[in-house]
Amino acid sequence: MKNRINQLFLDKKENILSVYFTAGYPQLDDTVSIIEKLVASGVDLIEIGMPFSDPVADGPVIQNSSLVSLRNGMSIEKLFDQLIGIRETVSIPLILMGYLNPVIQYGLEAFCRKCAEVGIDGLILPDLPLNEYQENYREVFARYNLHNILLITPQTSDKRLKEIDEASSGFIYMVSSSSTTGAKSSVADFQKDYFERVKAMELTNPRLIGFGISNKETFDNACQYAEGAIIGSAFVKALDGNESLDVKISNFVNQVVKGV
Amino acid sequence: MSYQVNRKGYYGEFGGAYIPEMMHPNIEELQEKYMEIINSYNFKQDFINLLKHYVGRPSPLYYARRMSERYQSHIFLKREDLNHTGSHKINNTIGQILLAKSLGKTRIIAETGAGQHGVATATVCALMDMKCIVYMGALDVQRQAPNVKKMRMLGAEVIAAESGNKTLKDATNEAMRDWINNPVDTHYIIGSVVGPHPYPDMVARFQSVISEEIKWQLDEQLGRELPTRILACVGGGSNAAGAFYHFLDDESVELIGIEAAGKGVDTDESAATLTLGKPGVLHSSRSFVMQTKDGQIIEPYSISAGLDYPGIGPMHANLFATKRAKYLWATDDEVLEAALELTQLEGIIPALESAHALAALKKIDLKPEDVNVINLSGRGDKDMETYLNHFGY
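Order-wise, the sequence lines are chains D and V.
Numbering-wise (the working numbering), the first sequence opens with residue 103 and increments by one.
Numbering-wise (the working numbering), the second sequence opens with residue 180 and increments by one.
It is possible that some hints are incorrect.
[As the list claims (entries may be wrong)] Here chain D is said to cover these stretches of chain V; the calculated rule only asks that three of the stretch's residues, wherever they fall, bring their Cβ under 8 angstroms from a Cβ of chain D:
#1 199-209
#2 342-356
#3 460-469
#4 555-568
Bear in mind the hints are in silico, worked out from the structure with no lab data behind them.
In this text, a Cβ means the ideal position worked out from N, Cα and C, and glycines have one as well.
Go ahead and model the full structure; you've got the sequences and the hints to work with.
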C-alpha cells in the first residue's frame with residue numbers, strides 16, 4: 103500500500119526538512135494553520151506532537167509547550183477533530199508523535215483507525231520500545247498503513263541497529279546524542295564518528311537526524327550524514343513572540359533552509 | 180500461580196520496560212546482569228555485612244503490648260524505623276550501590292519524595308565515594324526540609340524539580356531525563372518497586388530481607404513462621420513488597436497494603452492509585468495509574484510526601500488484580516490520629532507513611548487470636564513539623 107513517507111524518500115534523497123510542533127500550542131486551534139504554513143514554507147514532513155503531562159524524553163521547551171497545550175484543552179480526540187479535512191489542502195507526509203499512555207487510553211485500534219481516516223502516515227512513540235512494538239503493535243499499525251518510526255542513539259549497538267532497521271518501514275530517527283529534546287546544538291567529534299559509522303552500515307531505511315538541530319549550520323551539517331534532519335524545540339521556541347504565525351513560521355524555515 | 184516477575188519482566192499483565200531508546204543500553208545491561216551480580220558470592224557477602232554492621236539489621240520484631248490490648252489482637256511491629264537513616268529505604272540503596280560499583284558506574288542519581296530514599300542514597304554514596312545527585316519535587320524540598328539538609332551535609336547535590344505539582348512524580352521525571360542525558364557513567368537508584376524491568380524485581384529482592392526476618396523472628400517468639408496478616412503502607416510499594424515477599428506463596432497469610440487517600444477518595448486530593456486509577460503506562464511500566472480519561476496523569480495529593488505518587492509498582496497491581504493482596508486506604512486525618520496513638524501507647528513516633536498502615540487497624544475485623552505484623556517502615560523525625568502544626572504541642 104502506498105504511503106506518503108515512502109514516496110517522499112523516493113522523490114527526495116537529500117536535505118529533507120522535517121519539523122515538529124506541539125498541537126494546541128501556542129493556541130488550541132493553531133494546529134491546521136501551523137501545518138498549512140509549514141507546507142507553504144517548503145517543509146517536507148511534519149511531526150504533530152500530541153501533548154502528554156509527563157514527557158520524560160523532552161527538555162524544557164517541549165515540556166512547556168505540552169503543558170500549555172493541555173491547559174488550552176488539547177486531547178487526542180480534539181486533535182483528530184482538528185485534522186478532519188487536512189488532506190484536502192496538505193499532501194506531504196504527516197506523523198503523530200507522543201507518548202504511549204494517551205494512545206492506550208484512546209484505544210490502540212480506534213487510534214490507528216482514526217489516524218488512517220484523517221490521513222496520518224506514521225507514528226513516533228518514544229516510550230514504545232522495539233520488542234513491545236513487534237509483539238503487540240506492529241500488526242495493528244500495519245493494518246492502517248502506519249509506519250512506526252524508531253529511534254537510534256550513539257549508544258545503540260550495531261546488532262540492535264540492524265534489528266531496528268529490519269523492523270522499520272518509513273525512516274529511522276537518528277538521535278544525534280543521547281539527550282532529551284532541545285539539548286545544546288553542536289556536532290561534536292564523537293557525533294561525527296557515530297554519524298559516519300551508521301552511514302557506512304548502508305541500512306535499508308533512510309535516516310533523519312534529530313535532537314540539537316536548530317539553524318542552517320546544524321541542519322546543513324546533519325544533512326551531510328543523512329537524507330535530512332528534524333527540528334523540534336527550536337521551532338517550538340520560534341512560535342513565541344508577537345509577530346503573526348505566518349511571519350514567525352516563514353522566517354524560521356527560511357533561516358534554516360536559506361540562512362536568511 | 181507465581182506472583183513473581185516472569186522472564187519478560189511482567190507480573191501478569193503488569194510491568195515491562197516502556198523505555199525510550201536512549202535508556203535501552205542501561206536497562207538492557209541491568210536486565211542481563213542483575214541476577215548474576217546479586218547472586219554472586221562477593222555481592223552477597225558485602226550486602227549481608229553492610230546490612231548487619233552498617234544498617235543495624237536484623238531490625239527488631241517488637242510485640243506491641245499496649246497496642247495489642249487496645250485492639251484486642253496481637254500486634255507486632257517490624258521496626259524498619261530503627262535502621263540507619265530511619266527507614267527501610269537503606270536496604271535497597273545498599274544493594275544498588277554495590278550493583279552500581281560492579282557495573283563500573285561513577286555517578287549516582289535518585290528521585291525522592293519524603294527524602295528518606297534521598298538520604299539513604301546520599302548515605303551510601305558517601306560510604307562508597309560516589310558522586311550523588313538527588314531530584315526532589317520543589318514542594319517536597321520545602322515540606323521535608325530536614326532531609327534536604329541531611330542530603331547536602333552528606334555531600335549530595337539536591338536539585339528541586341519545578342514541573343507539575345513539584346512532588347515525587349516530577350522528581351522521577353527529572354531523574355529519568357538526567358539518565359537519558361548521562362547514558363554512560365550513571366546509575367539510577369530508583370527508590371521503589373516501580374520503573375522499567377528489572378527495577379521492580381530488583382528492589383523487591385533487596386527489600387525482601389524484611390519478610391525473611393519476620394519469618395524467623397515470629398518462629399523465635401511464637402514458634403510459628405506465619406502471621407495471620409501483614410500490613411504495610413503503599414506508595415510505589417517497596418516496603419510492602421519487602422514485607423510481603425516471602426509470604427506471597429503462603430496463601431493463608433493475608434496481605435494488606437494501605438494507600439494514601441489524602442483528603443478522601445471522593446475528593447480530588449488523593450493518592451489512592453488502586454482505588455482511583457486504571458491500567459496505563461507511567462515511568463516505563465504498565466500498572467495502575469491515576470489519570471484522566473484522555474490518559475493524562477493526575478497530580479496526586481497526600482499529607483505524606485512518600486506516598487504522594489499517582490502510580491504503584493506492577494507487582495502490587497498484579498497482587499491486586501489476582502486478589503492475592505487486599506488494598507485499603509487511609510485519609511490524612513485517620514493517619515494523624517493513628518500516629519498519635521502509637522506515639523502515646525508505645526513511645527514510638529512513626530513516619531506519616533508508616534502511620535497509614537497503623538490506621539488500617541480500625542478498618543479490619545481483628546480477632547483476639549490473630550497475629551498481625553505491621554511494617555513500621557520509617558520513623559517520624561522528618562514529620563515533626565507536620566505533627567506539631569497539627570497537634571499544637
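- Of all the hints given earlier, name the ones this structure violates by number, lowest first. When the structure is compared with the hints, only number 4 turns out to be violated.
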